[in-house]
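Peer 1: These are the residues of each chain, in order.
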Amino acid sequence: MEKIVVENLFKIFGDNPKKALEMIKQGHDKNSIHEKTGMTVGVNDASFSIESGEVFVVMGLSGSGKSTIVRMLNRLINPTAGKVIVDGKDVTAMKQDELVNFRLHNMSMVFQSFALMPHMTVADNAAFGLQLAKVDKQKRRERAIQALAQVGLEPWADSYPGELSGGMQQRVGLARGLAVDPDILLMDEAFSALDPLIRTEMQDELLNLQEKHQRTIVFISHDLDEALRIGDRIAIMEGGRVVQVGTPEEILQNPADDYVRAFFRGVDPTNVISAGDIVRDTYPRIPKTKAGSMRAAYEMLSGSDRDHAYVVDANRRFLGIVSSEGLRAAIESGEKDAPIDKAFIKDVTPVRMDDSMQDILPHVASRSFPVPVVDENNIYKGVVSKNRFLRTLHKTEQKRAVEAEELDARVEQKKLDDAEALESDQAEAV
Amino acid sequence: MFEYGVIPLDLWVSQFVNWLVDNYRDVFQAIKWPIEQTLNGMDTGLNTVHPLIIIAVVALAAWRFSGIGLAIFTAISMVFIGLLGLWAETMTTLAMVLSSVLFCCLMGVPLGILAARSNRFDSVLRPVLDAMQTTPAFVYLVPIVMLFSVGNVAGVLATIVFAMPPIIRLTNLGIRQVHPELVEAAQAFGATEWQVLVRVQIPLAMATILAGLNQTIMMALSMVVIAALIGAGGLGSPVILGLNTLDIGLAVIGGIGIVLMAMVLDRITQSMAQRKK
Numbered sequence: 239m240e241k242i243v244v245e246n247l248f249k250i251f252g253d254n255p256k257k258a259l260e261m262i263k264q265g266h267d268k269n270s271i272h273e274k275t276g277m278t279v280g281v282n283d284a285s286f287s288i289e290s291g292e293v294f295v296v297m298g299l300s301g302s303g304k305s306t307i308v309r310m311l312n313r314l315i316n317p318t319a320g321k322v323i324v325d326g327k328d329v330t331a332m333k334q335d336e337l338v339n340f341r342l343h344n345m346s347m348v349f350q351s352f353a354l355m356p357h358m359t360v361a362d363n364a365a366f367g368l369q370l371a372k373v374d375k376q377k378r379r380e381r382a383i384q385a386l387a388q389v390g391l392e393p394w395a396d397s398y399p400g401e402l403s404g405g406m407q408q409r410v411g412l413a414r415g416l417a418v419d420p421d422i423l424l425m426d427e428a429f430s431a432l433d434p435l436i437r438t439e440m441q442d443e444l445l446n447l448q449e450k451h452q453r454t455i456v457f458i459s460h461d462l463d464e465a466l467r468i469g470d471r472i473a474i475m476e477g478g479r480v481v482q483v484g485t486p487e488e489i490l491q492n493p494a495d496d497y498v499r500a501f502f503r504g505v506d507p508t509n510v511i512s513a514g515d516i517v518r519d520t521y522p523r524i525p526k527t528k529a530g531s532m533r534a535a536y537e538m539l540s541g542s543d544r545d546h547a548y549v550v551d552a553n554r555r556f557l558g559i560v561s562s563e564g565l566r567a568a569i570e571s572g573e574k575d576a577p578i579d580k581a582f583i584k585d586v587t588p589v590r591m592d593d594s595m596q597d598i599l600p601h602v603a604s605r606s607f608p609v610p611v612v613d614e615n616n617i618y619k620g621v622v623s624k625n626r627f628l629r630t631l632h633k634t635e636q637k638r639a640v641e642a643e644e645l646d647a648r649v650e651q652k653k654l655d656d657a658e659a660l661e662s663d664q665a666e667a668v
Numbered sequence: 077m078f079e080y081g082v083i084p085l086d087l088w089v090s091q092f093v094n095w096l097v098d099n100y101r102d103v104f105q106a107i108k109w110p111i112e113q114t115l116n117g118m119d120t121g122l123n124t125v126h127p128l129i130i131i132a133v134v135a136l137a138a139w140r141f142s143g144i145g146l147a148i149f150t151a152i153s154m155v156f157i158g159l160l161g162l163w164a165e166t167m168t169t170l171a172m173v174l175s176s177v178l179f180c181c182l183m184g185v186p187l188g189i190l191a192a193r194s195n196r197f198d199s200v201l202r203p204v205l206d207a208m209q210t211t212p213a214f215v216y217l218v219p220i221v222m223l224f225s226v227g228n229v230a231g232v233l234a235t236i237v238f239a240m241p242p243i244i245r246l247t248n249l250g251i252r253q254v255h256p257e258l259v260e261a262a263q264a265f266g267a268t269e270w271q272v273l274v275r276v277q278i279p280l281a282m283a284t285i286l287a288g289l290n291q292t293i294m295m296a297l298s299m300v301v302i303a304a305l306i307g308a309g310g311l312g313s314p315v316i317l318g319l320n321t322l323d324i325g326l327a328v329i330g331g332i333g334i335v336l337m338a339m340v341l342d343r344i345t346q347s348m349a350q351r352k353k
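Note that the protein sequences, when read in sequence, are chains Y and R. Following the numbering used here, the numbering of the first sequence begins with 239 at its first residue and continues without gaps. Following the numbering used here, the numbering of the second sequence begins with 77 at its first residue and continues without gaps.
Misleading hints may appear alongside valid ones.
What the hints assert, rightly or not - Restricting the straight-line Cα-Cα distance to at most 30 angstroms, the calculated cross-link-like pairs of lysine-lysine (DSSO-like) are:
| hint | chain 1 | residue 1 | chain 2 | residue 2 |
| --- | --- | --- | --- | --- |
| 1 | Y | K263 | Y | K377 |
| 2 | Y | K619 | Y | K584 |
| 3 | Y | K377 | R | K352 |
| 4 | R | K352 | Y | K375 |
| 5 | Y | K241 | Y | K263 |
| 6 | Y | K372 | R | K108 |
| 7 | Y | K263 | Y | K375 |
| 8 | Y | K633 | Y | K526 |
| 9 | Y | K241 | Y | K584 |
To be verified - Residues from chain R shown here face chain Y by an in silico Cβ test under 8 angstroms; the list is partial:
| hint | residue |
| --- | --- |
| 10 | E257 |
| 11 | P279 |
| 12 | L280 |
In case anyone wonders, no lab produced these hints; they're calculated from the structure. None of these values were measured; they are calculated from a predicted model. Every residue gets a Cβ at the ideal spot worked out from N, C-alpha and C, and that includes glycine.
Just chain Y, with the same shape it has in the complex (with noise of 0.2 angstroms):
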């Protein structure tokens, strides 16, 4: 379902945005516009939508228009042109005093400074957007003292944000946004301003709150490595316009244009590429039920190619898995009406779906047979094998190779077409 639309949105800032919208109309880019006008196009026809429930990152350098986007998502900037709509409503529409009750109950920001109050304590802080909703007294430090507690921060209660570590800090500051139970979240580089390990440690705490309640997240980043961790779908922008979008994988295997390769150069893929999207259900699966017994299961088994099979439950919940050869064994040992789960290869933990490629390597590199992959419910999914694993490695490698060489070629091509202008111009004025 889509939570937030975002429809042609456009932000000028300077005295008259009309005209340079229609330069823009004309075709003139963001420089051009500047250079003629003085103003400074920030969002360029920005369109997406974001799914309710997802964690969507906004990612890009300083200067190309994201922190400027979401303030236009709670209107803490005006687009010029170009709508928002969240829940089927008109944000860009809104009076003043709807703007101001959208903001107290659908809308909550956490801020790369952390913006906390100084003169207020930990728990007034995070109990700002309920006091303003006119939420009683006690009530708010009550739910105040639950957010501060989701972030475990609760002894900080009646502290000042002044004595607090920054990484406490910016606790507050996402305690005070889940304070209020925002269906949506904006996160403007909330993390940014932390050391690494404060950091990770944050973006592991947004995800296990994500994991206990889910709310749309728009998360502004110019961190890659957040991006990837963090985010299920990401935006590129680059002066002011989106790129991209898609899940990290979906980027990372196909990159619009050379701003967004010259972006994920540094990605190890193994990091990106989950369990999940190589994930094939190419082996045969044995319910249990249907063959209870040893004899069925290799009957089933000599039937197929395959020399081993993933025996699932009437729910498709994973078991274990049985070779050709064990049960072969065991029949000949006389246990052939003997249920099939004594067959089962020893030590088999499945994989996740989410596990990384890093994450699964071991377990792929140390098995004789494909490693079978569930979800979060420990339904089977499918099988990775190393011969799987190893092509999926060798193409994003090969592809990459070629691309960065083909993208060396081209910075090489336009470093030569600039200096050789730049000769022609120095010959002219000569």
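Could you slot chain R onto chain Y? The hints should help.
Peer 2: Frame of chain Y; chain R shown alone:
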């Protein structure tokens, strides 16, 4: 070169003020009324209450905002003023200072807030404040006397004109200094403009506003002697009397009284501002 003629601006101003006095007497009486009431109330109050109680209250305030050191200094200063025989004059001066500062705050804080919110208003207000602070008091004493006649009320009015700029300027500055991200955060959580002002901007600007209050009080005290020239009572009158009769002793004890009061009020308000930081 100018023998052919000069612009008779002095004449125009005189005519204008005379016209004001003739036609708008009621208006100026109306302006005078709240100031007169406040001032008289405070003056009577301070002069009726037993000096010991007043000393105790002021010393207690000093102790609360600063510490025992300032409390002792305050008590000793006030007892000394009393021993100089200047208690009644001091209380009158205190009443004048407090009433003018009260009106300065009532007008100055809102004006400062407006100036912080509108650059245009700020740029209009700025030269007016400069004029209020730099115009020699003697220049506006004449029209004030013409419009409000002599006495304590006229003295308070002159003091208000002179002492108001700092509280306006520092309120403006304090609110402008509040980090824009904090204002943004408040808005993002659904604060209205009024809520942003009273929950975020004013509390965070309080230390600076109190520094402005301190300045305003100091400037109000510095007007005491000048106000005495137009018939205001208080610690200024022994100084003026001493000047007129060449009674150096009288002038000096008046001066000492003013200095001691200034120090007490300054230290107390300064520590108030400090505590807010």
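Peer 1: Now tell me if each hint is right for this structure.
Peer 2: Evaluation of the provided hints:
For a cut-off of 30 angstroms, the pair hint linking K263 (chain Y) to K377 (chain Y) is broken: about 52 angstroms separates their Cα positions. Using a Cα cut-off of 30 angstroms, the hinted pair K619 (chain Y) and K584 (chain Y) holds, with the two alpha carbons roughly 20 angstroms apart. A distance of roughly 29 angstroms separates the Cα atoms of K377 (chain Y) and K352 (chain R); the hinted pair therefore holds under the 30 angstroms criterion. Between K352 (chain R) and K375 (chain Y) the CA atoms are separated by roughly 24 angstroms; this keeps the pair inside 30 angstroms, and the hint holds.
A distance of roughly 29 angstroms separates the Cα atoms of K241 (chain Y) and K263 (chain Y); the hinted pair therefore holds under the 30 angstroms criterion. A C-alpha spacing of about 42 angstroms is found between K372 (chain Y) and K108 (chain R), which places the hinted pair above 30 angstroms, so the restraint is violated. A distance of roughly 52 angstroms separates the Cα atoms of K263 (chain Y) and K375 (chain Y); the hinted pair therefore is violated under the 30 angstroms criterion. Distance restraint check for K633 (chain Y) and K526 (chain Y): the Cα-Cα separation of roughly 37 angstroms exceeds the 30 angstroms cut-off, and the hinted pair is therefore not satisfied.
The suggested pairing of K241 (chain Y) with K584 (chain Y) is violated, with an alpha-carbon distance near 46 angstroms, which exceeds 30 angstroms. Given the 8 angstroms rule on beta carbons, the hint for E257 (chain R) holds: about 4 angstroms separates it from the nearest Cβ of chain Y. Taking 8 angstroms as the C-beta cut-off, the interface hint given for P279 (chain R) holds, the closest approach to chain Y being about 5 angstroms. Of the supplied interface hints, the one on L280 (chain R) holds, with its beta-carbon coming within about 6 angstroms of a beta-carbon of chain Y, less than 8 angstroms.
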